[in-house]
Amino acid sequence: NAGVTQTPKFQVLKTGQSMTLQCAQDMNHEYMSWYRQDPGMGLRLIHYSVGAGITDQGEVPNGYNVSRSTTEDFPLRLLSAAPSQTSVYFCASSQIGGARAFFGQGTRLTVV
Amino acid sequence: DAKTTQPPSMDCAEGRAANLPCNHSTISGNEYVYWYRQIHSQGPQYIIHGLKNNETNEMASLIITEDRKSSTLILPHATLRDTAVYYCIVRSTGANSKLTFGKGITLSVRP
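Chains A and B, in that order, give the protein sequences. Whatever position you read off the first sequence (first residue = 1), add 223 for the working numbering. Whatever position you read off the second sequence (first residue = 1), add 4 for the working numbering.
Treat the hints as calculated values from the structure; they're not laboratory data. Incorrect hints may have been included.
Take a look, some chain A residues computed to stay more than 10 Å from chain B by CB distance [claimed, not checked]:
1. F233
2. T238
3. S241
4. A275
5. S292
6. E295
7. P298
8. Q308
9. V335
These stretches of chain A come out as covered by chain B in the derived footprint (C-beta under 8 Å, 3 or more residues) [unchecked claim]:
10. 266-274
11. 310-316
12. 326-334
Just the calculated beta-carbon pair ranges, DEER-fashion [unchecked claim]:
13. G276(A) <-> G19(B): 45 to 53 Å
14. P262(A) <-> D15(B): 15 to 23 Å
15. N58(B) <-> L302(A): 41 to 49 Å
Glycine included, every Cβ here is placed at the ideal spot set by N, Cα and C.
Given the sequences, and given the hints that come with them, work out the whole structure.
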C-alpha cells in the first residue's frame, strides 16, 4: 500500500542543470498535481492533470514542464534550474471530484 | 473556489479540546469545506470534510454554521503530536477543481 511515492527525497542542482522529479501513485487516481512550498508559506499549485494525456497550469507554472502518459505517473521537469526554484515539492493524487487528496512526502530541492 | 480566512496561530493544553476556526463567507452552494494538516514539513494529511452537516471521524469533528460562512475543526483531546499547521480549504467537486492552500493556522499543543 504505497500511496504516493516521490523520488528523490533530496536533490542539489547547479544553476542551469535540468532534472525530473518523479511521482507515482498506485491508487488508480485520475487527478494528480504538483505543489511547491517555500519557507513559511502554504503550498502553491504548479501543474495538475485530470487524466492521462491531459495537463494544465496552476498558480506558478513558469520554469516547469509536466506530462502524463500513464495514470500512475506524473513527472515534473525543471529544464534549466534557477535558485528561485529552491523549494520543497509535493505531489498529490485523488479521484476526480473525490474527497481526499493523498500527498507524497516531498522532494527537497536546492539550486546553487 | 472561495477563499478562507484563518488566524495565524493558536495554542492549547495537552488533553484539552482544540477548536480551530475558519471563515469562508463567499462559499457557494456546491463547495465543500476541507481540512488538512501538515506536521513538520511532511506531506499534508487529510483530516475531514463536509458540505453543510456536521461531520465526525476518528481524527476530528467539523462544525459548519447554518449559513455555511464559517466552520470549526475540533480535535477533542489534543496531544503533542497534533502540533501542526492546519489548512481550511473550500473546494467544489468539479473535475478541474483545485486544492488551494493558504497559510493555515499553526496549532501548538503545550504539555
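Against the structure shown, which of the earlier numbered hints fail to hold, in ascending order?
none
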